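Asks: In order, the protein sequences belong to chains A, B and C.
Residues in the first sequence are numbered from 4 upward in steps of one, following the numbering used here.
Residues in the second sequence are numbered from 600 upward in steps of one, following the numbering used here.
Residues in the third sequence are numbered from 88 upward in steps of one, following the numbering used here.
Read the hints as simulated data drawn from the structure, not as lab findings.
Keep in mind it's a predicted model, so treat the numbers as computed, not measured.
Backbone N, C-alpha and C fix where the C-beta goes; we use that ideal spot for every residue, glycine too.
Hints should not be assumed to be uniformly reliable.
[Claimed, not checked] Residues from chain C shown here face chain A by an in silico Cβ test under 10 Å; the list is partial:
hint: 1; residue: A136
hint: 2; residue: I139
hint: 3; residue: I152
hint: 4; residue: V156
hint: 5; residue: M176
hint: 6; residue: W203
For reference, the chains in residue letters:
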Amino acid sequence: MSQTIIKQHIPRDDLLTSGHLACPGCAAPIAMNLVLKALGPETMVVLPACCWSIIAGPWPQSSLRVPLYHTAFETAAAVASGIKAGLQSRGDTETTVIAWAGDGGTFDIGLQALSGAAERNEDFIYFCYDNEAYMNTGIQRSSATPWGAWTTTTPTSDPEHQPKKDIMAIMAAHRIPYAATASVAYPVDLVQKVEKARTIRGTRFIHILAPCPPGWKTQNDETIDLARMAVERRIFPLLEVENGGDWRFTVDHPGGPVEPYLRRQARFGHLSDEQVEHIQREVNARWKILSNRVKYGT
Amino acid sequence: MSERDVTRPRESGRQIPPVAISETSTLVNQTGSWKYIMPRYQDGVAPCNAGCPVGIDIEGYMYLIGRGRLQDAADLLVRENPMPAVTGRVCHHPCEDSCNRASMDEAVAIHSVERRLGDMILAAPPPPAPERTRTETVAVIGSGPAGLSCACFLARFGYGVTVFEAAPEAGGMLRLGIPEYRLPRAILDRQIERIEAEGIEIRISTCIGTDVPWAVLNGFGAVFVAPGAHMGKDSRIEGAEGLPEIRPGLDFLKEVNAGGRPDLGDHVIVVGGGNTAMDCARSALRLGADATVLYRRTPREMPAIPQEARETKEEGVEFEFLATPTAVELEDGEFVGITCQRMELGPPDDSGRRRPVPIEGDVFSMKADTVLTAIGEDCDLSFLPDEVRTNWGLVEVEALGESTSAPVFAGGDAVDMPRSVADALGAGKRAAIGIDHFLRQKAGEDVGEVPLDDLRFAGGNVSAMRYAKDEDPIPREAPVNDVVTWDQMNPHHYRSAPRHEDHFHAGIDLRSAFGETNFGLSRKEAIEEAERCLNCGVCNRCELCLIFCPDMAISRREDGGFEIDMRYCKGCGLCAAECPRGAIVMTREGI
Amino acid sequence: MKKVMIGNHAVSWGVLRSRVEVISAYPITPQTQIVEALSDMVADGSLPARYIKVESEHSAMAACIGASVTGTRTFTATSSQGLALMHEMLHWAAGGRHPVVMANVNRAMAPGWNIWTDQNDSLSQRDTGWIQLYCETNQEVFDTTIQAFKLAETVDLPVMLLLDAFFLSHTSEPVDVTDQADVDRFLSRREAAYKMDTKDPHAFGALVRPDVYTEIRWQQQEAMDEARDVFRRVEDDWEAITGRRYGAVEAYRTEDADLLLVTSGTITSTARHVVDERRAGGDKVGLIKVKMFRPFPTDELRALLGGVDRVAVLDRNISPGHGGIFAEEIRSALYDVPPEDRPILFGYVLGLGGRDVTPVVIDDIIENTRTKARPEREDLWVGVEL
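Please take these sequences and the hints and turn them into a complete structure.
Replies: Here is the structure:
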């Protein structure tokens, strides 16, 4: 077949119902659905403040077919630790506990709890779905916002100054058993990583790129293509790191210029050619760093 | 206590729990109300189907091969093309020129797959003949591709058919004009036998107008005229008349294809740039001569199939472009060669190609033992009654081959350009439909108009299956008759793979054999090539739409297709954007 | 079994006896001995609990909430800055109706750093919806710890038990450590009404609109109201097993008093001593100990203080911009007492940052209360020397 058929690798049952409140074309429910399919119904979800707090539906609704605890912004990893401990104390060692947080609740306000839990090697899977800003509150910058991007707190007259925080290096430094990046455009890779993570005990971290049409200022139907382009062009490489030291890429990254990826997002619309070149150099440099990690470990 | 006491808690029946614990799913939110545009499964027509002059569901048989259903693929192919073993070898394959895959890496080698299927069909026992369900018998004049095609489809529609062939063997240009090394006699014979076995009587050596008067045809329900074009145009080389060394290329080919092996001397010049010229040149080589093709325009304007021209060149034929012969040259009364006029390209003529214009005073000589002229063919339509009008030497017809005189239809080289085996086959099929419709109307049946546009594969030729309302072996979802173009496809879901090229006979001395040199592809390679087909516009149930739908609005139907729940679909368009083959469209209809 | 132990260890023993299942705590002076002893108990297997050594108090409360929502019995301990850091999650525990029990060692708030006792830390949290129980002795600490679980799990509200830094936390007193079997008769395994369960999945705590939020808070208030009676019944049950009870409010030698002291925490012990001395001298002075601050014992205090001439409330705390917090709340409770029954109320602010409240000070307070016609201001600060 000239097309690689992937449906046999994606579990059939949905653990997410329609009628949720995500914006049209949002990657976050695609990610959640794939993750829950891979984990199955013996799963509990901890959900701090983020877009998903709204997507899940207001009381008395829930779009998840598994138990869900809405919690305060910075507490996902701590609450997950507590839930796991509670389950274990009553003899349940099999239910998978996951935290499902946005980039704000992971890279910024939630980083302390995440670091604490990771250092203790708490037994849950932490998922960060990353749309690269505080989208739920109206597109404010976070430390996951890429350099040069417009957000409401980094206007085009003075766009984002800082490069995206290297959360994978941070998680690797904790020497947790498993950390990985994933993209909604590579569903089989994502599902396989989740299925693998499920079999590991200890803290597992999966960072999923989730393009956001209103926040990135793109069309609703471009989400998968952007998530694909980001991987292909090495802006968001897909990799795994085990025990903090063994890095590997999990798909091919053919490369190619970052400019087309940037130019189709109006949040980068103000960039000059020099700024685009700067981003290209930074992507190239970071790719080299990652390649060295893959080659030599950390 | 006052009714308006705001401080007394009231029982509202809402039953609010002590904590915000969920009670329902989000299915109560019909988020479908958000959308301003919506998706629809809509299969379209693959460009190969639209580009095929015969009207074959090429994409359909590729689909079936991809699923291991080779016999079903062969059945589908032969249902629309009565002679796939022939076309797989000699067709100029405009399907490949239309193939969307060419925008990704290389076009699918459709001709190679067709040939494999065609040979497979010939190797298997023939199917039972179609049932004779109609009383009428139709007369077909000419057993070339147009005549045989028309005859075959009429037989399948249930008619009796008698084919009148002037030559001693059936096949028309297939036998007379195309050399054996391109189309082996054995293949042609077996293919014609197959067609005959569908219930067709072929009367060879029976020329209408000479052996049999036209009036005899009045006893038939209808007549399909497909005499072809066999009269080579006059080269108008000064002094050529009467000279045996200057012959029409078609006559030469007829001789060689009938088994003759004339001595052409050492050097042959072939005048012309079409397939006949190529065939003459390559046949000349095989008879031991050197050959040079003389063509008045440049390679870009040559009407020959590019693959043919390439093979001709590879076999060692020389080409002289922008030259045309003007006069013979004699030495001591003996023919030694021709005078040629150098040409240049001027403004375009009616065909759209730039006119060759002589360069004043620029003439040169070329030595030759034989000159073969292949600059086009004319038709002999003298046998036609006056009521059947002709125009510029071609029969005037309507869309389904209807001539100006009711029961007479026409098609093939005698009707129009371009002239190709595929166009002739297609014309024969159209005429069969026209004749069937005509006869049913005459018999008093309530048939209405032929829905010509619906029968066509988008802008291409008609489908006999659609006309006969046969069951489509491929499940299609709300099909529309529009071509699916490359920009509607999503190439990211396809793997790149190189095209399998035909295997050629290596190492034989071409000059001594008329055997087939192109062996095509092995069975495995042909299947792999069929698997390179992208299945443009036809859902293959890959389920990417389900996987990428953010709202889980797509579900599987019992019958294997898919259904979009419009109560929840927000119209984001990701399904349509990601569908690899453009089988989902976004529309505002019904919003 | 009687043991001599510091107040912190009384908490630890209470937690052990209560068969707590998940502990999540972060160290802070002067709470550390609570969690250290618990670590030992967990390590040697006498307490088969999961112990999450979190990286901050905010996470400690978050983890307790997580464990609680799976239906298990959870505990944490903190003090001062730690309690303040937990503030957001205190609201969460109460609003989420999670019966977490926390021991807070009352310690002064920084800056400047101060590890000694006052009550500003816990009283700053009085609006978070936690039940607050102030203890006077290590025995009371032990007893209250165990009672707290039963109370919390009956009304589904979190309970904070308070003990003074150093005066209780680090002071050894004899404690009768009730047998496990007896405690088991009093307190059984927690069976939660609402919990996370994959066999019956729900979402907890989703967005709640204005048309519903009030009703959820109303039910939380109803639970607080119920807690008064439930506490009474809990004490009945505990008394039946151990013979001990404390009451939400204790009246000490108040029968014919014309002046009542109102205290909480360890000041109460000192005040008892002063009352005894004064009574010996014929002075009709009595003492009200407030144990339960939330829910506020409005009815009991109205009954006990209504009709008394003068009341002196001793606040080891201050709400800047207003006055001592117990005094303010008592004044407010007395507002609806008929005017002729309303005592003249002197609110004294003292003992902040661990400054010792000696018998002499209390004696001076009684004098001041007797001799002044009315208090010059809402908050009468004792012993300020600039």
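Asks: Against the structure, test the hints numbered earlier, and report the numbers of the ones violated in rising order.
Replies: Hint 6 alone not satisfied by this model.
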